[in-house]
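Q: Single-letter residue listing:
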Amino acid sequence: MAIIQTENLSYVYSEGTPFRKTAIDNINISIDEGEFVGIIGHTGSGKSTLVQHLNGLLKPTSGRVLYDGKDINSSKEFTRSVRFNVGLCFQYPEYQLFESTVSKDIAFGPKNMGLSEKEIEEHVLKAADFVGLKKDMLVKSPFDLSGGEKRRVAIAGVIAMEPKVLILDEPTAGLDPRGRDTISDMIDNYRISTGSTVIVVSHSMEDVARNASKVLVMNRGKVEFFTGVKEVFSNYERLVEIGLNVPEITGIFIDLKSKGYDVRTDIYSVGEAKKELVRLFKERGILK
Amino acid sequence: MENIVEFQNISFRYSEDEGEEKLPLAVDGVSLGIKPGECVAILGHNGSGKSTLAKLSNSILVPTEGKVLVKGMDTADENLSYDIRKTVGVVFQNPDNQIVASIVEEDVAFGPENLGLPREEIRKRVDDALKAVDMYEYRSHESHKLSGGQKQRVAIAGIIAMRPECIFFDEPTAMLDPKGRKEVMDTVFRLNRDYNITVVYITHFMNEAALADRVVVMDNAKILLDAAPKEVFKHEELLKKAGLDIPGCALLAKELRKEHINIPDDTLTREEFTQSVLNLLGEK
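Just so you know, the protein sequences line up as chains A and B, in that order. Here this note's numbering is used: position 255 in the first sequence is 255, and no number is missing along the way. Each position in the second sequence, counted from 1, maps to that position plus 288 in this note's numbering.
Chain A with its partners taken away, still in its complex shape:
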């Protein structure tokens, strides 16, 4: 079942001025419930503009966005309810923390949903637990936390609304490797345990290959590919042409194949890579 769809969606910035720029151009996509979609594309390809349409933050210049089959801009009330059902977490969200304590910051969304005090508290505790924030952190000022912790508070603020669709714009940008792994695992756990749909915009081919079930590739405001991970990353040359890449591990196998070795090129993890190379070495009689 499609939970999010776009129909001929286009958006033009600064219409009627000399700075007119088409940011996204005739986008038609359909995202099923429970899917994990990775969005990749060069800077300025329209990724962020697109995701800001999915919860009604931007209104289409033309075309429509449907949530659960219904135009999200059909009425003010519906747009408002979509904002709670489709949670959007911006790039560098830690710059948007503003409350005096972590728990108040996380509670901001649920409060606006009109939940009772008790429900709000439950939502906050659950969200904090999801992102691995310990209870003693909840009373702290968000500004006393480290960069990675702040990022988690910001994400918890969106998760606390328990959205059916969770959208994150570059959630791991600027984090160290451990921070990246923690956030990636956390997002995947949210999807698995709640059955929610997750959409992640990323510049990391590794992250996308690891988690996504489908990949949307944007190029100059248009959809270049929207299909499975393997299908997308098999278009190595085209990806490089449009400013992207394949995961580094995958690159090894593309290089070996180009040297005439018969290897799979749909390899994205160290585990798979190890298996395939062991197979190659055995086949060649180098390894017993």
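Worth double-checking, as some hints may not be accurate.
[What the hints assert, rightly or not] Listed below are the simulated SDA-like cross-link pairs for lysine to any residue, each with C-alpha atoms no more than 25 Å apart in a straight line:
(1) A:Lys275 / A:Asn235
(2) B:Lys542 / A:Asp185
(3) A:Lys275 / B:Glu559
(4) A:Lys126 / A:Asp136
(5) B:Lys374 / B:Ile387
(6) A:Lys76 / A:Ser14
(7) B:Lys528 / A:Val270
(8) B:Lys374 / B:Asp416
(9) A:Lys288 / B:Lys542
(10) B:Lys470 / A:Ser48
(11) A:Lys288 / B:Asn567
(12) B:Lys467 / A:Glu241
(13) B:Lys529 / B:Lys542
(14) A:Lys164 / A:Gly228
(15) B:Lys467 / A:Thr22
(16) B:Lys529 / A:Ser146
(17) B:Lys542 / B:Arg502
(18) A:Lys257 / B:Glu543
(19) B:Lys542 / A:Arg264
(20) B:Lys528 / A:Met186
(21) B:Lys542 / A:Val263
To be clear, the hints were calculated from the coordinates, so they are not data collected in a lab.
Could you slot chain B onto chain A? The hints should help.
A: Relative to chain A, chain B alone:
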């Protein structure tokens, strides 16, 4: 050879509001010398003190304890800060915060203009700097319309136009797409190789660190490791404890050695890895 930048047993604490509890040291007893012509990567978890170190390098910050010397000049001496900043430049993470003018060449000219140089000299420096980052063709473009990687290269040109001998880059690729990352890293290495500029870059990407001559690893405000990348990335456990990792290719090489496929333990990049596989296959 004399160090171009020398951190002598420095500590730094961000100033705290009165009455509030003291913040921990952001840099704690660090001694580090950068030699002329070196290409150094600094790794470390978020909050390990890397960016503070960059800001201490050209007197944006001055140490709470210890001394930072730039070609022998003490960064704590305000009278020297002009000369220090002409010697060491810093490029930051977000290109949008570093672009000041609406046209590319005007942006690059901002620094030299402030040095009070003659017009012809400014023109020459701007052109040279834009050529060095491969953005000369864009000199009359509007800076806000460039891609992230292009903007970052313009920001770098702005620093180069000051003709520094050393540049610190604070996560220059964190906000860029793969192509932008490559453009900026290629530029960083070219400045080091062809223009003989001493380069220190901070990164969270292990594969970028693998390309430096030397890697300094920070952990909780202190230096944990300081060696060539091939040596540093042999310490997988230590790096993981410090919130870091080893490059994917090094990890795969390690896994394969367990299966008696002997990829050397100093294999760090895709090219090196593929080459060692080809070598082993050819051995038969």
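Q: All hints are to be evaluated individually against the structure, with a verdict given for each.
A: The hints, checked one at a time:
1. At most 25 Å may separate the alpha-carbon atoms for a hinted pair to count; Lys275 (chain A) and Asn235 (chain A) meet this at roughly 23 Å.
2. The straight-line distance between the Cα atoms of Lys542 (chain B) and Asp185 (chain A) is roughly 24 Å, inside the 25 Å bound, and the hint therefore holds.
3. With a C-alpha separation of about 20 Å, the suggested pairing of Lys275 (chain A) with Glu559 (chain B) holds against the 25 Å cut-off.
4. Distance restraint check for Lys126 (chain A) and Asp136 (chain A): the Cα-Cα separation of roughly 14 Å lies within the 25 Å cut-off, and the hinted pair is therefore satisfied.
5. Taken as a hint, the Lys374 (chain B) and Ile387 (chain B) pair is honoured in the structure, with Cα atoms around 19 Å apart against an allowance of 25 Å.
6. The straight-line distance between the Cα atoms of Lys76 (chain A) and Ser14 (chain A) is roughly 24 Å, inside the 25 Å bound, and the hint therefore holds.
7. Between Lys528 (chain B) and Val270 (chain A), the direct Cα distance comes to roughly 17 Å. Compliance with the 25 Å bound is thereby established for this hinted pair.
8. With a CA separation close to 17 Å, the supplied pair Lys374 (chain B) and Asp416 (chain B) stays within the 25 Å bound.
9. Taking the CA atoms of Lys288 (chain A) and Lys542 (chain B), the gap is about 19 Å. The hint holds against a cut of 25 Å.
10. Only pairs whose Cα atoms come within 25 Å are accepted, and Lys470 (chain B) paired with Ser48 (chain A) is accepted, the gap being roughly 22 Å.
11. Our distance criterion of 25 Å between C-alpha atoms is met by Lys288 (chain A) and Asn567 (chain B), whose separation comes to about 18 Å.
12. Note on Lys467 (chain B) and Glu241 (chain A): the hinted pairing holds, with a Cα-Cα distance of about 9 Å set against a maximum of 25 Å.
13. Taking the CA atoms of Lys529 (chain B) and Lys542 (chain B), the gap is about 18 Å. The hint holds against a cut of 25 Å.
14. A distance of roughly 22 Å separates the Cα atoms of Lys164 (chain A) and Gly228 (chain A); the hinted pair therefore holds under the 25 Å criterion.
15. Simply put, Lys467 (chain B) and Thr22 (chain A) have alpha-carbon atoms about 22 Å apart, close enough for the 25 Å limit, and the pair holds.
16. Note on Lys529 (chain B) and Ser146 (chain A): the hinted pairing holds, with a Cα-Cα distance of about 17 Å set against a maximum of 25 Å.
17. Between the alpha carbons of Lys542 (chain B) and Arg502 (chain B) the distance comes to roughly 21 Å, so the proposed pair stays at or under 25 Å and holds.
18. Straight-line distance between C-alpha atoms of Lys257 (chain A) and Glu543 (chain B) comes to about 21 Å, which keeps the hinted pair within the 25 Å bound.
19. Under the criterion of a C-alpha separation no larger than 25 Å, the hint pairing Lys542 (chain B) with Arg264 (chain A) is consistent with the structure, at around 21 Å.
20. The hinted pair formed by Lys528 (chain B) and Met186 (chain A) meets the criterion: a straight-line CA distance of about 19 Å does not exceed 25 Å.
21. Using a Cα cut-off of 25 Å, the hinted pair Lys542 (chain B) and Val263 (chain A) holds, with the two alpha carbons roughly 20 Å apart.
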